[in-house]
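**Q** As a plain string of letters, each chain reads:
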Amino acid sequence: MTAPERLGGFKILKELTRISMVLPETSGLSPLPVCRAVSENKINLPYFTSVFDGQAWGLNLIVEARDEAGICRVLEERFGHPFVSTPKSAVLSIFPHKKNPEITGKLCEVFDREGLEPDAMATSPSTISVVIREGILAKASEALFEPFSFSAYRTPTDWKLAQKGKEQLYKEVVASYQEQRPKVYGLEYYEGQDFIEIRANRKILGSVGASFRGFARSGLSLVFFTTSPTGADGKDVLAFCLPMSQSRAYGRVVQAIAPAVEITGVSSVTVFSMNGPHFGDRHGIASELLSALQDHGVRHLALSCTIASISGVVPSRQMKSALEAIEERFDVPSMTRRE
Amino acid sequence: MSDKKYILVVDDDPDLVETVAMMLESKGCEVGMAYDGIEGEESIKQRRPDLVILDIMMPRKDGYVLCSELKAKPETRDIPVILLTAVGEAVPSTRYSHADGMATEADEYIPKPIDTESLWKAVTNLL
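Line by line, the protein sequences are chains A and B. The opening position of the first sequence corresponds to residue 115 in the working numbering, with each subsequent residue numbered one higher. The opening position of the second sequence corresponds to residue 2 in the working numbering, with each subsequent residue numbered one higher.
None of these hints come from the bench; they were simulated from the model. From a predicted model like this one, the values you see are computed outputs, not experimental measurements. You may find that some hints are simply not true.
[Unchecked claim] Pulled from the structure, derived: some chain A residues nowhere near chain B, Cβ distances all over 12 Å: (1) 118; (2) 154; (3) 178; (4) 186; (5) 197; (6) 300; (7) 302; (8) 330; (9) 332; (10) 432; (11) 445.
[To be verified] Below, simulated EDC-like cross-link-like pairs (lysine to aspartate or glutamate); rule was C-alpha separation at most 20 Å, straight line: (12) A/212 <-> B/108; (13) A/297 <-> B/116; (14) A/213 <-> B/31; (15) A/434 <-> A/305; (16) A/213 <-> B/26.
[As the list claims (entries may be wrong)] If you want a taste of the chain A side facing chain B, the calculated C-beta under 10 Å gives, among others: (17) 297; (18) 346; (19) 349; (20) 423; (21) 450.
Beta carbons: idealized from backbone N, C-alpha and C, even for Gly.
Make a model of the complete structure from these sequences and hints.
**A** Next up, the structure:
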């Protein structure tokens, strides 16, 4: 039996509602008006993902339970487009993953072994977040302690105790951060990536985990990963980025699960990530980014907002415009190109 | 034996820890990461850092308490500490004000949102 992988910690957000939507390109709808409407109603999105699969945008929006009625009303009145609302959801996040696909792979495998079905997953630069039903939260939290150990919290109870008494102060701090031009700590970007989308049933989570561990054995870094709804029951799009230069190495691994899934890809994309103070607690950040990208004619392929970060995937030819757009709307002290 | 400076970053925002760690590594530092005051304290016991970058509002043990403890012990008193705070002066009702921070004898006090280049300047001034 292998020793648990030592990680820093985990976070749990509870009393949430997940809203999933699929916006076919033919509908004329896109993620921006949805995010803008949510922002105008001062509804925060602690987790948001948007993925284009070639035909439609798949969106996962997570809101606090108290905002459920508000967001449902906004979506019905403004768009009249179908969406699925899943109350009593939670987001379980572990960190740091160090962009090591081994960690994401182990997480997928342990969920599969325990029969736990995530509703959505996404990474930030440091964290892997899993959206699950509150009903399986306790089992999922316990399950983490099989493949991982956490230096900060030895049990889920430790974590709960550590959070007590800080809620009001955090609210005051977040309220002090609704500046006109949001500040970010820094932006990093990775060029020369391939964007890969796998359309698959959630039941293959274990195989996906094994594939990610295969990427790790090939020495690959996973700088972007998210899942997205397809509208088909039980099927998701798993979207991730891997280095183009290593396409032979990852191609073999992906092909190993090919019989069961549909794979598509876009070659030569750039992944950017930026994080800012309390981005996960403030409304309007994703909307601001999408608006900036649209104004500069940039069409993102995928976006993932979780914890305090936004990560996005854009075609390489639009990288310069995307960075200009971000710099125009956000206060960015530094942009760093990563290998 | 490495002559790289070893810097410990302690903050409960894992994405910020990652951002700061990547910046420091790109400048040739070795970086340790911890996600609350107690973990930071344990990390310092295991390996003495050349400098600590310490968030203030954290679960279990906040940055003020840890900084005060470090500065009270002869064996850790001379480790430079940079305090980071998301509060600044915007939420004066808390005990996390600039004046409170200075009372901990921290070597530098930087309000968030930080600019990583300014943070690096503060690091180099203290090393």
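**Q** Each hint needs a verdict: does it hold in this structure or not?
**A** Results of checking the hints against the structure:
1. Interface exclusion of residue 118 of chain A from chain B stands, the closest Cβ pair being 17 Å apart, more than 12 Å.
2. Residue 154 of chain A, annotated as away from the interface, keeps every beta carbon of chain B farther than 12 Å; the closest lies near 24 Å.
3. For residue 178 of chain A, the shortest C-beta to C-beta distance to chain B comes to about 19 Å, beyond the 12 Å cut-off, and the non-interface label holds.
4. The Cβ of residue 186 of chain A lies farther than 12 Å from every Cβ of chain B, with a closest approach of about 30 Å, so its non-interface assignment holds.
5. Under the 12 Å C-beta cut-off, the non-interface status given to residue 197 of chain A relative to chain B holds; the minimum distance is some 28 Å.
6. The Cβ of residue 300 of chain A does not lie farther than 12 Å from every Cβ of chain B; its closest approach is about 5 Å, which violates its non-interface assignment.
7. With a least CB separation of 7 Å from chain B, residue 302 of chain A falls inside the 12 Å interface cut-off, contrary to its annotation.
8. With a closest Cβ-Cβ approach of about 18 Å to chain B, residue 330 of chain A is found to remain outside the 12 Å limit, as its non-interface label requires.
9. Distance check on residue 332 of chain A: its Cβ is at least 23 Å (rounded) from any Cβ of chain B, clearing the 12 Å threshold; non-interface status holds.
10. A cut-off of 12 Å between C-beta atoms confirms that residue 432 of chain A is not in contact with chain B; the least separation is 24 Å.
11. Look at residue 445 of chain A: its CB is around 8 Å from the nearest CB on chain B, not clear of 12 Å, so calling it non-interface is violated.
12. Of the supplied pair hints, the one linking residue 212 of chain A and residue 108 of chain B is violated, its CA atoms being roughly 30 Å apart against a limit of 20 Å.
13. Proposed proximity of residue 297 of chain A and residue 116 of chain B is supported: the alpha carbons are some 9 Å apart, at most 20 Å.
14. For the hint pairing residue 213 of chain A with residue 31 of chain B, the CA-to-CA distance comes to about 18 Å; that is within 20 Å, so the pair holds.
15. About 11 Å separates the Cα atoms of residue 434 of chain A and residue 305 of chain A, which keeps this hinted pair within 20 Å; it holds.
16. Taking the CA atoms of residue 213 of chain A and residue 26 of chain B, the gap is about 15 Å. The hint holds against a cut of 20 Å.
17. With 10 Å as the threshold, the beta carbon of residue 297 of chain A comes within range of chain B, its nearest partner Cβ sitting at about 4 Å, so the hint holds.
18. With its C-beta approaching chain B no nearer than about 32 Å, residue 346 of chain A sits outside the 10 Å limit, and its interface hint is violated.
19. The interface hint given for residue 349 of chain A is broken, as the beta carbon of that residue sits about 30 Å from the closest beta carbon of chain B, more than 10 Å.
20. The beta carbon of residue 423 of chain A is positioned within 10 Å of a beta carbon in chain B (closest approach about 5 Å), and the interface hint is therefore held.
21. Interface hint at residue 450 of chain A: satisfied, since its Cβ lies 7 Å from the closest Cβ of chain B, which is below the 10 Å cut-off.
In this structure, the earlier hints numbered 6, 7, 11, 12, 18, 19 are contradicted, and the remaining ones agree with it.
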